Structure formats: structure tokens, C-alpha cells
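Asks: What follows is the residue order along each chain.
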Amino acid sequence: MLLFAAVLCLLIVLPIGWLVVFAFTDRARNPTLANFYTLFTDPAFVDPLLTTLTIAISVSVICCAVAAPMGWIVARTDMPWRGAVRVLVMASFVTPPFLGAIAWELLAAPNSGLLNQLYRGATGAGPDVAPLNIYTMTGLIFVIACYTFPYVFVLVANALDRIPGDLEDASSMLGGSAWNTARRITIPLALPALVAGALVAFLQAMTLFGSPAILALPAGFHTMTTKIWSLFQYPPKPELGAAASLPLLVLTVVLLRAQAAVLGRRGYTVVGGKSGPPRPIRLRALRWPALALCLVMLCLPVFLPYGALINAAFSRVASQPLTAATFTLHNVYFVFFELSATKLAMKNTFLLGMMAATGCTALALVTAYLTSRAAVTGHRALAFLATAPIAIPGIVLGVGLFLAYTRGPVVLYGTLWILLIAYVTIELPAAYQQLQSAFRSLSPELEEASRILGASRLRTLRDVTAPLLGPSLVATWCFVFVAVVRELSAAVILFTSETKVLSVLIFDLKESGDLAAIAVLGLAMLILTSLVIIAANRVPGFGGGRVGLRNA
Amino acid sequence: MNFLSRRQVLGAAGAAAVSGLSTRVLSAAPAAVSVTPELIAAARKEGKLNFYTAMDLPVAEKLAKAFEAKYPGISVRVERAGSERVFQRIAQEMGSNIRNVDIVNTSDAAHVIFWKRNAWLAPFVPLDVAEHWQPQYKDPDGTWATARIYLSVIAYNTKLVTPDEAPKSFAQLLEPKWMSKLVKGHPGYSGTVMTATHQMARDLGWGFFERLATQKVMQVQSSVDPPKKIALGERAVMVDGGDYNVFIHKQQGAPVEVVYASEGSPTISSPNAIFAGAVNPNAARLFHCWMCSGEGQQFLVDMTGQYPPHGQVKAHPERKPLSEIKLMREDPVEVEAKADEIKARYVSIFKV
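Protein sequences appear in the order of chains H and F.
Numbered according to the working numbering, the first sequence spans residues 1 to 552.
Numbered according to the working numbering, the second sequence spans residues 1001 to 1352.
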């Protein structure tokens, strides 16, 4: 246990420690508050801070408004093709936010965007009319929300999956209507997941680097993450960068405390020893409108952007619609046979994805177990450590790790290990939150029964808890794998030409405007990631189906 | 425990020199070397080459493939990013003792001055450079040689702008009719734009940029991007960007056309430099020899229309000769001294 805690400490405290040191000192390492003074008075820093907060709040609200109803429809009703909708939401999650931003650029750039061209063609408007302009703050909020809502959806849908039927049956037997049941039983039980989802969405939007890096520069503003990135261009100003990231850290801690206060000490256990599967709500006439609503919502993160990417991948000019005349395989040929970095980037990405997913899930499992069962003293500190990295922007964590591991005694810069550490650290909070949610809904009585019958803690974990958590473990593994493949902000600081990954390759291609190559790589990334996820869900012993609980 | 600063970098370089990892800067250029079978064999033995460059990616990859076709057995890995980012990456790698870069082709000629001063470059003079290069295009100590010359130009989309309406000078870009119609690169990322910005600020004054900033210019990063943006039709006119990129798009049928500003077009010379601690030094030398040979230079001219520094290679027939274009004078020494100041001032004017 002590060793485990020490590892967690090292992973997290080391980069944060360096950050604090740099934030409170100047070039010569004398203590000073000058960095914070600059941060809060210089408009070049205050504006990005306000912009970031606006974006994060807007995204969080939009995501909850969209994902909660969708999650409820998919998990608790009998809408047809629910499984397909779930898969499509996963497709939305698999898309890296920066790739989505590029795809939306292809769609909604004011002059060359495909949707704007369609509008002009359909209405006969003049060449300067553009109803959609992606190079604005609204455009950025929209794109971020598109690719953040899966977080909320997954949390809400999983929570609703686990609510057993007898609670709702009891409510309807006592005379409650479907709406009353939903309002007084289902929603309160799903509340922890929704609040957790809102928080995750807020923090993701606040610390995102990829989409702002693509859209904010042409739009002419900075967010905190792009500002921090610009501070590390040559010549670097790490003290200001560290100072700029501390407010983000403080904000997260405050939000996490608020979440704990709101949820209080109410029990949300739903999987006990005596429950049955939930009854889906019959929508009857509303089934097809509900499906239509889901599909329309999915147009935005999935159908339209992928359409744009396919268009760009196979046409000679990305802003022209794909026809038989403009079709070409030249771009595919270029990416796979001429571009010399492709093979290496793909190999690195998938290797790191597998290693990070496995390591992170294991670490999160043990941590979640220790904290939700209060099995060791200091478990609250452990919980804090596990969720602390969520507040550090990936890019700043990258810099912290760079500072920590480019000089002795352990030099990891230039190897895949430093990227692995970065990925595990970044994804640990999300994995931990997911597994903790899963643990929270498992009543201890099953484990206590096992202990009473003489099994050790480890045996209980292996034979009782882990199988019940099977689907959650697979979901978390896939989640971390996908998150690693789409991670850019830390990778862009820590990579070298030997350890380049796909996200950095795409980012480099965006700098030079090679949209066709980006489209081909993006589609290849999606296909390969989907294959890995499908394979993972077929691993015997876990499976993707719900754990069937039989009545005694 | 300090982050990378110039002082640290110089200190590291000094330490590296002491430990024998870098060669001394000679006071006179080494003897010119032609391609010998021994060099080819040594390069083949190394088998690979890490080529860092800021030139347009498809161009760099085709160049690499042409080299691989000429000398089979040497595989070239191209690392492409804007010159300023390449500079940052190399500094990071040097500071951590990572020897990855073998040869660089940068679009910011000030960088080689910095690298040479830190003793990071290995002197090497191909025979072609010794015999056919003008003095201003090579280092007297042999640590670098210009491989390609081009201009940063105004250009426009011919479907959106007629030749009569097209701007003829930088001053005309400030007219209200070009509001929200312009695109340009950023000197924080692109060496071409860095060099061009220095020349334009010197010759036109910073007032030009301050007034340009009110035109709602679309800001992109690399100098190869504005030509792409006008070819896409996203914006009508580019303020700066590589003329060879416009040429390539035009050859492929895109509706784009170059304008040589009446105040002068900024000149960009792009040097090659071999790094002292290179893992594949012979492959790097062979590549440098090939790129500076008549054959390599002709390949660049045919594919991209850039102006060759090689005295015996003629420019592309469809390009206007340099002697007929009004040019702005290049000054890498001043760029090297003022780069940070220029970037800071640009950022404060354009806000990104």
C-alpha cells in the first residue's frame, strides 16, 4: 500500500511541485509574486482567462442539456436502434477534438466551407453571405461541446443502466405515473452521474488545447491553454506559464469540493443482493421522433464532420464537393507511401495506447477500491491525488514532466516512457471517476457476505467485485485507450521525431495546411481505434452485455 | 533547475565541445568534397537520414524520394514544421543531449548564424558549392550553404478577384475593400514570414502592420498555408507566403496568381546545415552534395520553380527572372539580433 501511494505521489506531486516552484519564483529562482501580478493585470492574460471560463461554462451547460435526455432515452426507453445510437456516440468520442475542429473548418469556414456553399447554392445568396462562421468564439464552443458531450452521455447512461427495476416498479405500484417515477426516483439516482458529467465537461473544456489551437488563431483570440503554449515557444517563459495554470488548478479543487458538498452523504447504492433488471419505458408513438432527435443530434459530431473528412480525403481540392470527376486516390497514396512519418507515428500511437490503457485502468481500480471502501487511512488524500491531475492542462503537465525528466537522475525525454507517464497521469482522474462511480453503486453487502464466509480481501476483490465490475473495466480500458490516441496537449511538448504520435503528426500537418493528408490520417485513426474497441469488447470474461443479476 | 535559456544552451554547447562531441569552428573552410564511392558506401552503411525542414511537405517528401531513388539503401525521414518550430525543437533536443537531427534546411537564414556561434554545425563544402555559389550564399567557414532562393509575395484567387482589381502594392492592401479578405502567415511559426516581416517592417515601417491589423486578416501559421487558403477560396488575397507554393498550385490548375509588390518583395534564402553530433553524418553529407548538385538543383527548379543558387542551373522558364523583380534586401544578421523583438511586437499588434 505504501509503495502504491508512493508511486501515485511521484506521478502527480513531482510535476505539480515543479509548477508551483516556477509559479512563485523568477528566472533566478528568487521567490516573487510578480508572475501573478502580471497574470491578473495584463490584458494579454486576463482576456484569455475570461474567454476560457465563458467557454467552459457554455460547454458544460450545452453538454448536460444534450447528453442527459439522450442518455435517458438510450438507457431507459424502448426506442429502436438504441445500440446503434450508443455506438455512434462512441464514434463521436473516438474523434479527437482537434480533428473535429478541422472537419468543422471544412464545413463552416465562412467562404470555402461546404455548408456555407450549400446554403449559397440553395438560396442564391451572394458570395459574401455566410450563415456559419467557425472562426468565432461561438464556433469554438460548438465544436468543443460536440466532442465533450460523450463524457456526460457515458456517465449518465451507465448510471441509468444500473438502476434496478424494483425501485421504479415499487413507485408505479404505489400509483406514481411514469413522469413522477422519473422525477422522484430515476433522476435523483442518476444525479451523481450527471453532476460528475457536468464537472468533467467543464474541466475538459477548460483544459482543452487541440480545438482552440486550430480555431482560435484564425479567429484572433487566445484561450488559457493556447496562451500557455505560446509562452513556451522560444524563448520560453515558464514562470508565467506555471503561474497561468495555478488558477485552473485552484478552480478545479473548488469545484470538486462543491460536488462533494452537493451530493452530501446520501447513499446512491443501487446494486445490492436483491434486484432485477430495469423495465424499459414504452414510448409508443414517441419512438420514431425520439430516434429522429438522436440522429439529428449525432449529425453534428459524427455524420457531417466525417462526411467532410471523406470529401477532403478523396477530392483534389478539399473545398469542392466530391464527384466522379474530382475523385482521386492521390491523397491516400501520399499518406501511406510518401509521407515518411506515418508508419512510425501509427506504431507509437497504438503501442502507447495499449500500455497506457492497461496501466491506467489497473491503477484506477486499486485507487477506487481503496477510497470507496475506505480501506486505508489517508484514503481521502489518495482520492485527492487521483483526481488532482484533471485540473492541470495537459500542456502544462507536459511542461512539468519535461522539467522533471530532462535532467538527471532519470532522463526519460526522447523515450516513449515519458509519454506513457504523461498519458497515465492525464487519464487517471477520468478512469478513477468512472470506476469510483461503479464502486459507489455496488453495495458493500455482497463483499461483506464474501468476507463473512471467510474469503480474504484480495479474493473478494477478484471473485466478487471484479466480475461485477467487468463491463465497467472494459469500458474504462477503452475510454483510456481512445483518450490516449486523441491526446495532443502533452504529446506536443514531449515528443521527439522518434517518438512522434498520430495526434502530433496531424497537428504538424495542420500548421502547413495539408487538409487532405489530415483527412486520410483521421479516417485511418478512427477505423483502427474502432477495431481495437470492438476486439476489446469481445474478450471472454468481460463482454459488453449487462451483467445479469438473477433473483434469489 | 532552470528552464532552457540561451545561457544554458551555450553552457551545454561549451560542455559538449569540451567532451569532444562537437567539432571546432575552423577559421577557413575545409577543402571542397565531391561525391566519392567511399562517401556513398559510408552513407549506405548508415542507412538512414533525419532531415529537418520547413519546406512544403509534399515537396520535401518528393525530394527525399528522388534522393532515395538515386542512392538506394538510404531511407530519409522528413521532419517538417515551420522554421521557428524546427528551431525550438532542435534547441530542446540539444539541451537534452538528444542527437537526432542530421541535416536541416531552414527558411530562416538567421538560425544558422545562431547554430554556428554555438558550435553545433559541422563544416562541409560540396564541390558544387565551392565552384558555383556566389559568396553571399555560403558560409566562409563552410558550415552552411543556401540550397534554394524564393520570395514572399502577394497573391490572389483569380476567380474572386480580377487582374485589374488585384492589389499592386502592400499599401493598396490597406484599402477598405480588402477588409476580411486577407490571409497571412505568422512569424512565430514560419521562418519565411519572420524574414519577410523583418524586411517589410524595415522598409515600410511598423505602421503598415498596425494598419493591416485593422483589416481582420485571417492569421495562419506556416507560409505554405496562405497559398492553400487562397486556392481553396477561403480568402481572396494573401499578404505573405511562398511564391513557389503559389507556382505549384498554379501548375496543378488552381486559380491563383502572383503579384510582385511595387515596394519590393521580401527575399528568402534557405540554407542547408549539417549538425556536428549527427548520428548519420555521411548520409547527411551525401544529401547535401546531392541537393547542391546540378541534378538536385534542377529537380527543385522543375518541381517548385524556386530560384537556384547554383550558378550553372537556370531558373524555371515560366518564372520571372530575379533581375526583373523589385526585391527587398535580406539581412539575416539583423534578423538574428532582433527576432524576439519582432515576434513580440507582432504579437502585440495582431493579438495572437
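Please note: incorrect hints may appear among the correct ones.
[To be verified] A few chain F residues that don't get close to chain H, going by computed Cβ distances all over 12 Å:
id, residue
1, Glu1079
2, Arg1080
3, Arg1099
4, Leu1127
5, Gly1207
[Said to hold, decoys possible] Taking lysine to any residue and the SDA-like style, the derived pairs with C-alpha atoms no more than 25 Å apart in a straight line are:
id, chain 1, residue 1, chain 2, residue 2
6, F, Lys1216, F, Val1279
7, F, Lys1062, F, Ile1040
8, F, Lys1159, H, Thr326
9, F, Lys1351, F, Lys1159
10, F, Lys1338, F, Lys1159
11, F, Lys1159, H, Tyr119
12, H, Lys343, F, Val1279
13, H, Lys343, F, Lys1062
14, F, Lys1048, H, Pro127
15, F, Lys1326, F, Gly1311
16, F, Lys1159, H, Lys343
17, H, Lys347, F, Ala1032
18, H, Lys237, F, Lys1062
19, F, Lys1048, H, Leu416
20, F, Lys1116, F, Arg1077
21, F, Lys1216, H, Thr326
22, F, Lys1314, F, Lys1048
The set of hints was computed from the structure by calculation and includes no laboratory data.
Everything numeric in this text was worked out from a predicted model, so none of it was measured.
Glycine residues also receive a C-beta, built at the ideal position from the N, C-alpha and C atoms.
Asks: Which numbered conditions among the earlier hints are violated in the structure presented, ordered from lowest to highest?
Replies: 1, 2, 3, 6, 9, 10, 14, 16, 17, 18, 21 and 22
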